[in-house]
Amino acid sequence: MSDKTNNNHIPKQKLKSIKKTKAWRTECVEGFVNQSSFMQNSKSDLLRFYETYNGVMADKDYNYVTNPYNSQAGKKRNFPAKLRNYNIIKPVVDLLMGEKSQRPSNYQVTVTNPDAVSRMEEEKQKAILQSLQQMFINALNEQGVQTGQQSKEQEMPEQVAKYVETSWQDSRAIVGQQVLNYLRDNLDLPDKLQSAFFDWLVSGYVYSYKGTCMDDVEYDIVSPLDLDYSKSPGVEFVEDGDWVVRRELMSSNAVLDQFYDLLSDKEVDQVESPHRNRSGSFSIPFLQRIEENFGDDERFVEVMHVCWKSFKKVGVLTFVDEFGIAQELLVDDTYKMDKEAGESVEWFWINEVWEGYRIDGDIYVGMEPIEAQRNQISNMSKCKLPYNGRAYSNRHAENISIVSMGMPYQILYNVFHYRMELTIAKNKDKIALIEMNTIPKRHGWDEEKFMYYADAMGFAFIDSTAEGKNNERVSFNQYQVLDMSLGQYIAAQMQLLQAVKQEWEELLGISRQRKGQITASDGAGTTENAIAQSTAMTEEIFRKFEKFEQKEMQGLLDVSKHAFREGKKIQYIADDYRNAWLDIEGAEYSESEFGLFAKNASKENEKLRTMRQLTMSLAQNGAGTGTIAEILDADNFARIKQLAAKAEKKQDELEAQQGKMMQEQQQAQAQAEAAKLEAEQAFEAEQNELDRQAKKEVAMINAVSKDTDHDNDGKTDS
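The numbers in the numbering used here rise by one with no breaks, and the one at position 80 of the sequence shown is 1497.
No lab work stands behind these hints, which were simulated from the structure alone.
What you were told as hints is all true, and nothing was included just to trick you.
Cut-off 30 Å, straight-line C-alpha distance, at most; resulting in silico cross-link-like pairs (DSS-like, lysine-lysine):
hint: 1; residue 1: LYS1431; residue 2: LYS1799
hint: 2; residue 1: LYS1569; residue 2: LYS1541
hint: 3; residue 1: LYS1753; residue 2: LYS1730
hint: 4; residue 1: LYS1753; residue 2: LYS1431
hint: 5; residue 1: LYS1609; residue 2: LYS1799
Between the sequences and the hints, there should be enough to build the whole structure, so can you do that?
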């Protein structure tokens, strides 16, 4: 191999696997390391952006103010002011960081396997068959046939089919969603993505690494200072590029933790006392930052991680199995075809991602294809690098960031403050010119006592009989007052400072209403309109980063398929902060092809805010306290819709139950009234019958009495 420092040659990649020897792998790692560069001015600028956010100034930016004539003597002058940093960039970055932490994260996992549609059709046919069976049972029960099953209300098959088409979800998608929730909790994704968003705002770049370790997924945010990659035309995300190199300065113990199973005894000795053979790719500001933060430790080791896309020869083997059915199988270039058995192979060259590590300049380990290739079912040649990232705005121009756009305003703001401090030092207010001979020295006064009384009491005594140097009497009508005040000039400078700050914030679209600075004269409509316009101007910052987030979630799902290929039983925290368990079937999960659907976070946030404002009316309409609490706690609108549908269902069930109870009460009341009416009618009939019987008895008595009276009359006559 030629000189490593100058060797930028990339070895031929179209080789069979048997020819990819250790020497070839070492040459690949060395070639890509030497192609990368961390000495560019852009890396120094990135470091400067981070320092600016922290309030660290670069003196060279202010030389034109502090030393306009560029003279050595000028450096020794002591002006009555000091150039300080008055940070106007950090509040803007912190505001956007705070808003990012409050934006909802809505990622829905879908399955894109070709058999997903057929599974849905099978489920639909199954639901329709169950519907028809229940309808048949209902019909038999109505005819009095003893089916042994109860009748149930059942929708028509057309409605059942429509419901399945709109609500059915593949069980693999459910598992994928649960895995994503588990990774979010286990990898602490919200905090790491918040750090990534900080890099995005400060440097204009964001980089990450995802891989597998010990049958689990690992994820890390990479500093923009520590990564270089191929800037291929038309490639927006790093993972779609051809190569990437990451540099790290690691302690000897950290190197041993990561590579203990790959290092020999001799290499471990070198790691403990490193040669400090560095590629020259570490910039001087970077090394100074390491030494300032961690000290100049001799045990720091340079570790370069290289990932690149090589070519791999694969074949599609066609053969006939024991049942006489033609089958296809993917084989590598070491496979020996058996023509006598009727086998045939069609060969292809596809991409394959490799990785390798260079430690302390001359230790090469881990040079092999990565485990999680992330191929596509539709195109086996497409694969992705384990590193991903994107730039904020580098189309046909140098990349920019939020901090880089604010640097000119920060410098101008500091200069104006410096000038104002100089002005304040020159401000002497009004000065009265008083004849020194009028000080009553005959009474024991001196200049110091005179100034003391003038400052402390607001008045001072003078000697009206005092004489001048030539024994002339001093006149008291010749005193002058000099106005040395610069108050108006200072007020004008204060307005300039406010104008610079306001122009900087308006550049990004951050209005005072967005910061909560609302005056009494601002109407509700004006305030809402100002906030809406401000949000629209900064939405592109969030949209581009959230597209990167979506790529990251997709990548983590892809990597998890390899990490969980043997199956996994895991416990995680669900969206509603309850403990959840997941049992992954490795074979089916690893063969699943996942897609990810993300909703617009800004619109989702607006819907969340609107829905939370409606909780008061929900409570007034009978919604339970628990449902309202869950709505306030939910961080995505899909969850709120589920809760709202659940609340509506409970409300419908409650209303149906109340309606049934009311109907039963009405029926009972009607029955009671009917019974009462019947009782009254029976009582009335009975009374009528008693009256009739009484009248009949009275009539009979009267008749008997009349007969008796007639008999008595006959006897008297005789």
